[in-house]
Amino acid sequence: MASTFSDPSPMILTNILGRNEKWAEAMNDATKGQFFPKSAEGQSPKVLWIGCADSRVPESVVTNSYPGDIFTHRNIANQFHPTDDSAVSVLTYAVEHVKVEHVILVGHTNCGGAAACVKAAEAAQSEPTSALDRWLGPLTELARTTTPEGDLTALVEANVRVQVSNILASDVLEREWKLRDVHVHGWVYELETGKLRDLGISAGRNGPLQY
Amino acid sequence: MTSTFLPSPPSKILSDLLNRNEKWTEANSGLFLQETQSPKVLWIGCADSRVPESVITNFEPGMIFTHRNIANQFHADDDNAISVLIYAVENPKMRVDHIIVVGHTRCGGVEACCKAAQADDSPPANALQRWLAPLTEFARNNGLGGDLSALLEANVRMQVDNVLKSEVLEREWGIRDVHVHG
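So the protein lines, in turn, are chains A and B.
Residue numbers for the first sequence follow this note's numbering, beginning at 1 and rising by one.
Residue numbers for the second sequence follow this note's numbering, beginning at 1001 and rising by one.
Watch out, some of these pointers could steer you wrong.
[Stated by the list, open to error] Here are the simulated distance ranges between beta carbons: (1) B/R1171 to A/N15: 38 to 44 Å; (2) B/N1141 to A/H97: 40 to 46 Å; (3) B/W1173 to A/R19: 26 to 32 Å; (4) A/D29 to B/A1076: 41 to 47 Å; (5) A/A154 to B/D1121: 39 to 45 Å; (6) A/D171 to B/D1120: 22 to 28 Å; (7) A/P10 to B/E1060: 19 to 25 Å; (8) B/P1123 to A/T31: 43 to 49 Å; (9) B/E1022 to A/T129: 40 to 46 Å.
The set of hints was computed from the structure by calculation and includes no laboratory data.
Beta carbons are placed, not taken as given, at the ideal position from N, Cα and C, and that holds for glycine.
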């Protein structure tokens, strides 16, 4: 069977490495050699960003942040599952070791993961057959039970609310809140405009917060 | 116990981020016409704030599909990372050609494994310890507990190997080539 796919091009990697080299040089020049040695000493970001793996939502680009500003976990459809060691270990490290002050859960419009859940919710319920199906199980259930059929943005927002609520209910925060406050927020990134929108659902150890 | 960590004035950090975002959208208004993404690369990197893939490669949004976790792991039983790999590789709108596992120097996760490898072997007590157990065991079995840079490179090789052995790639290689790098 003839392949319709071309082989991976090595040019892509050459391009990435080339761009990185230029960027590192420019950063070095712009900061008179100060930035990297200082950055290497340690990180002290104030923010943990839990967002989508979607290539269009690189947290540090869309907030024009520097390396060192935002501790980041990105997965399919910006999930925080209480039983997921990956996300829980990120939260643990960020909160207990790095001591971030804010956890921001960021969804985005036109999310492919959320769209897949809308489709799956419209189909007959069936057992998940892959890691991706399992991963999107809770979001599919949310699509099935709470959001108007086919309304993707409504599901994206509902998803952000649920994930924020999962984080607020985590053992990690329960423990850390005995020592200090940590705030949790829910945002949506709008692909159409590049703008971040705060859903106004922020909360800390004393409950809901006005931001 | 008095906390030494007082939250900064609550609104400042968040309003800084939102203001910077607004200025960035104004400066880049041409970018937002793209309806779908078609990145050619999946980046599996560390959550460390100092390694934002798109900044350090000076790429616009839309170029690098990204998964970041503690110490850039790819575990064969981790639904989180595997679902990212499935989506990046199999989704007809995506079909990345390259997967790049990226470790970094001064990795706190790798450092934690070095320390744990030098301590007594004990069962993991929490999610973070469970998460770092494979790398800790590797460090212990290979006498790398005292050598951070050797362990961080060995870690990248191990994760590349895990990706190469995945069922996802085995399936996709039946249709087209996908390259993995470290």
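Here is how each hint holds up against the structure:
Between B/R1171 and A/N15 the Cβ separation comes to about 28 Å, which falls outside the hinted range of 38 to 44 Å. Restraint check, B/N1141 to A/H97: a C-beta distance of roughly 25 Å breaks the suggested window 40 to 46 Å. Remark: the range hint 26 to 32 Å for B/W1173 to A/R19 is upheld by a beta-carbon distance near 28 Å. Between A/D29 and B/A1076 the beta carbon distance is about 43 Å. The supplied range of 41 to 47 Å therefore holds.
Taking the beta carbon of each, A/A154 and B/D1121 are about 50 Å apart, not inside 39 to 45 Å as hinted. Checked against the hint of 22 to 28 Å, the C-beta distance between A/D171 and B/D1120 comes to roughly 25 Å, which is consistent with it. Taking 19 to 25 Å as the suggested C-beta distance range, the pair A/P10 and B/E1060 conforms, at roughly 21 Å. For B/P1123 and A/T31, the Cβ-Cβ distance of about 45 Å falls inside the hinted range of 43 to 49 Å, so the restraint holds.
One distance hint, 40 to 46 Å for the beta-carbon pair B/E1022 and A/T129, holds here, with the actual separation near 43 Å.
When the structure is compared with the earlier hints, violations turn up for hints 1, 2 and 5 and for no others.
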